[in-house]
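Taken in sequence, the protein lines are chains V and H.
Just so we're aligned: the first sequence equals residues 168 to 1188 in this note's numbering.
Just so we're aligned: the second sequence equals residues 376 to 597 in this note's numbering.
These are computed hints drawn from the structure, not numbers from a lab.
Keep in mind that the hints are not guaranteed to be accurate.
[Claimed, not checked] Pairwise CB distance ranges (calculated): (1) H:His575 / V:Ala590: 40 to 48 Å; (2) H:Asp548 / V:Leu178: 42 to 50 Å; (3) V:Met587 / H:Ser590: 48 to 56 Å; (4) V:Leu178 / H:Ser590: 29 to 37 Å; (5) H:Ser518 / V:Gly751: 17 to 25 Å; (6) H:Asp548 / V:Arg1178: 30 to 38 Å.
In this text, a Cβ means the ideal position worked out from N, Cα and C, and glycines have one as well.
Read off the chains here:
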Amino acid sequence: MVFRNSMLGLLRTKGKTVLFTLLIFALTLSLCLGINAWVSIEGFLENLDENYTTIGLIEYIGADYPDDTVYDLSMTDALKDFDFSAVTGFEGNVLWDGSSRTVGYIDGFTRTDSYVPNNGASILVVGSVTPTDEGYYSAIVHEVLYSNVARENTRIIINAGDTELQYGRYYLVYGSLYRTRSNFLHFSFDEYSNPIAEEKGIEFPFLLDITTGSESGPRYKIPEDCPLYEAADTWKVINNSVLICATVNIMALFPFQQQEMYIVEGRVFSEDEYRNRSKVCIISETAAKRLGIGTGDSIQLSAAVSDYPGIENSFWVEDGFQYSDTFTVVGITNSTPDKDYYVFVPKSAGIPVSPYYIGYTVGQAVVKNSEAAAFYEYMAPLMTGRLNLTMYDQGYSSVAEPFGIILRVIKIVTVVCGVMETAMLVLFGFLFVYRQRETSEIMLLLGSGRRRVCAYFLYGSGLISLIASALGAASGYYFHGRVVRFISDIAKGYTTVDRRFSDGNLSVVKSMEINLSVDPKLFIYAGTVICLLAILFCLIFTVMTFIRNKSGMRKISGPRKAGRTSRLSGGSVKYAMLSILRGGTRSTVIPVVAAAVVFFLGQMANTSENYRKQLSDIYENTKISGYFTDINGKKVGNLLIEAVNINNLYHSGYITDLTVSLDIKYYYLGISEYADGTVQELAPLFVPEGFAAETLKNYIQRGPSLVGTNDIRSAPEFFYAENIIMEFVEGFDESFLETAQEDAYYCMVPVSLMKEKGIALGDTIRIATDREVYSEEYDARIFYEVDLKVIGCFEKQGTQDLIYVPLSIMFPTEHIWGNKDGLKGPPSETFDTGYTVTEEQKRYLPRFTFKSAGFKLVDTTKLNEFKDYLEEMGYSQVNRIGKIREFVVLRDQRFNNIVNNINQQMRYIDVLYPCLYALIGIIAVIISYLMTVSRKMEFAIMRGLGGTKIHTFFSFFTEQVILCTAGCAFGLAIWRLLIGTLIPMHQLLVLGFLICYYTGSAISITVMNGRVVSEILSDKD
Amino acid sequence: MSILELKNVCYSYSGKHQNVQVLKNISCCFEKGKVYAIVGKSGSGKSTMLSLMAGLDIPTSGQVLYEGTPTSKMDLDRYRRECAAVIYQSFRLFPLLTISENITYPMELRGFRGEQAREKARELVRKVALPESVLDRFPNMLSGGEQQRVAIARALSMDSKLILADEPTGNLDEENSKNIIDILINLARQDNYCVIIVTHDLSVIPRMDVVFRLSGGELKPV
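Bound conformation, chain V alone (with noise of 0.2 Å):
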């Protein structure tokens, strides 16, 4: 029975019950298919972060880098004082990673490979010997005691030099050998140089006459004791060496964290392994093909650690390895042209590392993917000189960014659907149960008993719940694939970044499709759980029917002192002025609300503005420079960049201030004329005839180069360089590298050369390039000479004694520069205004390339239209090929850490504030509605004496109007007081607040003034 009243009851208010239903179905929906996208993309996340690593590089950006075989003393000398507890203190930093090599070896394993030390190294015993028309010697390989070049019975053109060399003798010679163009074998004495042995006091010669003059034994025999043997074993393990790199974490060393390595066979390292000082060992695939070993075979390897530094001087055959063990191969790599003679070890193995930093890495810190900007940022300051810091997130940050901000969002969404489903549910139990409590007055007086009633209202209510509780879960679960979807894409298509072309995405990015699968217990718990608490709170209703209200002191409503007849004349303003002025707390609660409203517009108004104005000032503050590298983003300099796509990148518009730079090699002839004005006779470098010629143009390009460029910054020697030591001749300074030359050709010299071959400021020195030109005043071929005066010298950073002169020498500046006063600075004219490529323009710029080249943008604002243009022009990215095989980068990672910070903030404002003043305004017309049918009774008694509808309204309208608008005055001021502006939005908002009060008083006023007065007389609140 009481089961069936309950069920009738829900019929015969249809209405109500159906509206329940569906709120509460729809409530469970949104709140179902919010915990599921939370769920989801918070996995998503942590999938994300188990699966991506991050890594800060650091590294030494010296004159050789990317060179990973050199020793550099001048990083050294860099690192003596850097603080790498500053790198292991960042709170997000897992671990660090120092660089630590050795030089290492494994019987057996030989390399083929361009980066061997010295591959040129020769250790032979020639005979036959002939003399050339062109001054060398021609003779025969007779005995290798090490060489990757020569075989026995080769022919060699050796040159000697001033060494005299005879036909029938043998000779044991130690010094360079190479292949030429025209595929003679060319070789060159050398001097063998070893600290290791010549601390011992060994020398070496590198010419010995080993002839026996014997007829019928052996003609030449080479000396036991000759150090030279000693040597040509040294070569051998040297140029067979391979570099062991020990580490805690093989994933995050660089050339794994961006996948140019990766496991072929076998496995990484364990954690045991890192831990357990075990002799396990991962190498190259070439390397096990050459040993004929897989995963699980050993290796003998050796480690060479010696107090020299340098790879050629880790190791003297006499005094052997330092390190000897026998490893296990748990690992195999692809094969990579530059690190197949890599053997990666767990740090733990105990194999000795050299003291001397071997490459240019100084370690890797692995940071939480979360923190990579941070630890940037926090990094920034450290990084000096030439020092550097690239951050390799695998493309987390552009992955997990959306998500994440999506994820802020789906959050605050789910917790208001929450907060919205109890109240919900508390209005459900409040208007289900507690406004049927005269039914549970009745059923009780009728002797029905506590439990029945709490039967009879837990039925009806529990099953409104149930049904809608699981219709909400189950739609959630039927479409929550979709809404995971969807969400996956927006994530993919949203972006505050733009971090194309950026120095902060040289990273390779994986990808990662989020999981659509959920555990439909999710859906179950929250539909559980929903319908419990709408029981519940039924419950706690019908108890509350139980409680009697005890009848108490007749509560006094309205004014407590006696006040004074008010004189004004009437009307409607007069009744709502006295209501103002007498309606108590209710008076104040309007203007209290509104003032408080004010203040909360005008905090979201002017965090909105503050970030708008921050980022507006970060774009005009910030200059963006850009520059052209390498694919793996590494190399600055000794690029192939048409002169073409320059010209047309500098007169796109989007950029100013563009620096190049190009070279040729250049022979040092001499001083041509001194400061003084003496006139020194130098003879030029003639082309010698055959093989000579091309032996000579090899030396040429294999020595120093002249550097053509309008900014010496900007050159690939200094770069990377927070200062340069200059000194000029008085009245120059380095703008001179801009300026076309006309009458004579400036340059600036390193000081090195100045001593080397006795030049000072003033001098005018001529130098031969490799390019041959016929001279009449000779009658020859002779290699081009050009006198340049020396204005300017520096200290070099580099090895080898650059010469920098004006680009205008070597490239005709007015092609791309076009009339402009100097080379700096914006174009005078872009495409957008008229200009365009000339015909002579068309045949000139196609034969020029630039070694370097380097921009600025011209405004910041237009970053990422600019990243358009590079990409609409094909350019291509870091790791990202495009149509045009030159690389750019957008120093732009700091600038886009911030403004993404700020983006992100502003997105959060974007979305989450509309829906705030949308609540806003909906509070508004609420509370102007309760605040008009709170007071029923007075509308009531108005009419009821015969008070028109147009006198009616306005006498409660104008209240409304009056203490709104005061409080929004009110707050207004204030806010102007302490804060001091005002800004136009802000004052929109109030505006709108305002409009949205008044409607809701206005449609709440007119909907009461239309009913019927003795229905309003005989209503019930």
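Following the hints, complete the assembly by docking chain H onto the known chain V.
What follows is chain H alone, placed relative to chain V:
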């Protein structure tokens, strides 16, 4: 001529599940100078009938005539402002207006303002045997009987000769009830008002000039 006449007045309440006819073809006349009582059980439709007479609602069918003019053809606001004064069981005074302002309110609706109106209020307060000191008090400071007197004073301020009282003594004790009824009777007999009292209090019947009983939707004289 009767001041108020009901001709075949019917009234029904329409709910979701049912239609209830409260008044069935009620016809009667009311004249000035008399006190009428309409009695009946709770729920018989007494207050409904009073609402129709007060212009607070309109009949489903039939007519309510005030001085011969159907109220359906009149501006009901004006009718309530100038013709029919109503006194309610729960007094229905503006809680935030002083007694003086409550009394002058209807006058202000009709355009009488200022000192003239306040003087009239003083006069009416005296008429209902209240001291002038109440004029600056608020309704919540008065007793039930005093509030009802104020309500009567307000009704008198309308200069209307028709006073409709809906259970005017419903919230009062015996003594106050007697006082209120005395005032209403005096208004009718001495000041020539037509006073119609809706009540379930049978003790007032002997003092009434005419008594109607409302039962089953029909009005019959007692």
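(request) Determine whether the Cβ-Cβ distance between H:His575 and V:Ala590 falls within the hinted range of 40 to 48 Å. (result) holds, 44 Å
(request) Could you see if the CB distance from H:Ser518 to V:Gly751 stays within 17 to 25 Å? (result) The hinted range 17 to 25 Å holds for H:Ser518 and V:Gly751, with Cβ atoms some 22 Å apart.
(request) Given the hint of 48 to 56 Å, check if V:Met587 and H:Ser590 actually sit that far apart at their C-beta atoms. (result) 52 Å Cβ-Cβ, so the 48 to 56 Å window holds.
(message) Range first: 30 to 38 Å. Now tell me if the beta carbons of H:Asp548 and V:Arg1178 are that far apart.
(response) With a Cβ separation near 34 Å, H:Asp548 and V:Arg1178 satisfy 30 to 38 Å, so the hint holds.
(request) With respect to the beta-carbon atoms only, verify the hint that V:Leu178 and H:Ser590 lie 29 to 37 Å apart. (result) holds, 35 Å
(request) Given the range 42 to 50 Å, decide if the beta-carbon distance of H:Asp548 to V:Leu178 lies inside it. (result) Taking Cβ atoms as reference, H:Asp548 and V:Leu178 lie about 46 Å apart, which means the hint holds.
The structure meets every hint from the earlier list without exception.
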